[in-house]
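Engineer: Which chain is which? The protein sequence lines are A and B, in order. Per this note's numbering, residue 1 is the first one in the first sequence, and the count goes up by one each step. Per this note's numbering, residue 1 is the first one in the second sequence, and the count goes up by one each step.
Calculated from the structure, these hints are not laboratory results. Some clues are possibly wrong.
Pairs of lysine-lysine, PhoX-like flavour, derived with a Cα cap of 25 angstroms [stated by the list, open to error]: (1) K12(B) x K84(A); (2) K59(A) x K94(B); (3) K83(A) x K98(B); (4) K83(A) x K117(B).
Residues of chain B clear of chain A, computed beta-carbon distances all greater than 12 angstroms [as the list claims (entries may be wrong)]: (5) A37; (6) G39; (7) F48; (8) W49; (9) I72; (10) P82; (11) M96; (12) I99; (13) K131.
Just so you know, even glycine gets a beta-carbon here, dropped at the ideal spot from N, CA and C.
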Amino acid sequence: MASPPSGVKPTTIVDSRGTMCPGPITDLFRAYRNANIGDVIELLATDPAAKSDTEAWTKRSRNEIIAVIDEKDYIRIQIRVLKKGK
Amino acid sequence: MPTSKEGEKRNKMVIICSKGSLDMAYPPLMLATTGAAMGMEVHLYFTFWGINMISKKTIDSLKISPVGNPGIPMPNILGMLPGMTSMLTSMMQKKMEKIKMPSIREMIKTAKESGVKFHACSPTLDMMGLKREDLIPEVDDIIGAATYLELASEDAITLFV
Numbered sequence: 001m002a003s004p005p006s007g008v009k010p011t012t013i014v015d016s017r018g019t020m021c022p023g024p025i026t027d028l029f030r031a032y033r034n035a036n037i038g039d040v041i042e043l044l045a046t047d048p049a050a051k052s053d054t055e056a057w058t059k060r061s062r063n064e065i066i067a068v069i070d071e072k073d074y075i076r077i078q079i080r081v082l083k084k085g086k
Numbered sequence: 001m002p003t004s005k006e007g008e009k010r011n012k013m014v015i016i017c018s019k020g021s022l023d024m025a026y027p028p029l030m031l032a033t034t035g036a037a038m039g040m041e042v043h044l045y046f047t048f049w050g051i052n053m054i055s056k057k058t059i060d061s062l063k064i065s066p067v068g069n070p071g072i073p074m075p076n077i078l079g080m081l082p083g084m085t086s087m088l089t090s091m092m093q094k095k096m097e098k099i100k101m102p103s104i105r106e107m108i109k110t111a112k113e114s115g116v117k118f119h120a121c122s123p124t125l126d127m128m129g130l131k132r133e134d135l136i137p138e139v140d141d142i143i144g145a146a147t148y149l150e151l152a153s154e155d156a157i158t159l160f161v
């Protein structure tokens, strides 16, 4: 596997490849509930809606996307946990 | 995203689930789970045939009908033939399995884990001769129209499916 072009080392990797909406967001939410502030969650997804849905999710939950990396047939989205809800 | 007071987003969603067919069971559950993941307070209110989604007897056997469904490329007269509904249902189930779509039972489990509240409509239960114990355990309570309106009137996104 090629070395990542950007991004940091994630605390958790969530592999949601193969699932469609709302799979990636529910998988991300599960990881988020177990995460601590400052953690970086990396979401792997093949759903074409994953990027915009993750953007909407981070906007709403006040967390932050720090990197979006396009791989050959999937996408890696790194999210930094800034805020914890319930 | 609809806003209420200036710049302030609604943080509550109330969805009425009134259909008992497989294709109409997915959209409210998908929205509900996503809403809860986004930190919203989400309520599902099951009424009329929507009760089939939360009834122990019917939850695993929701069907999709080719009759009266313009999205299905089949004339109504053919759709009325015996076996068409189950044929179409199994075709749709196979397609959904292929794209790893969770079952309705799994969707409900995920929604519940995410914090979605499940409400059953009291007159519907009465009409269908169902009791609390006939419903899946995920159901939080049995409520009436007044409670629904109270939930929905607090600046919530409201949808009717």
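Engineer: Can you name, in rising order, the numbers of the hints this structure does not satisfy?
Structural biologist: Violated: hints 2, 3, 5, 6, 11, 12.
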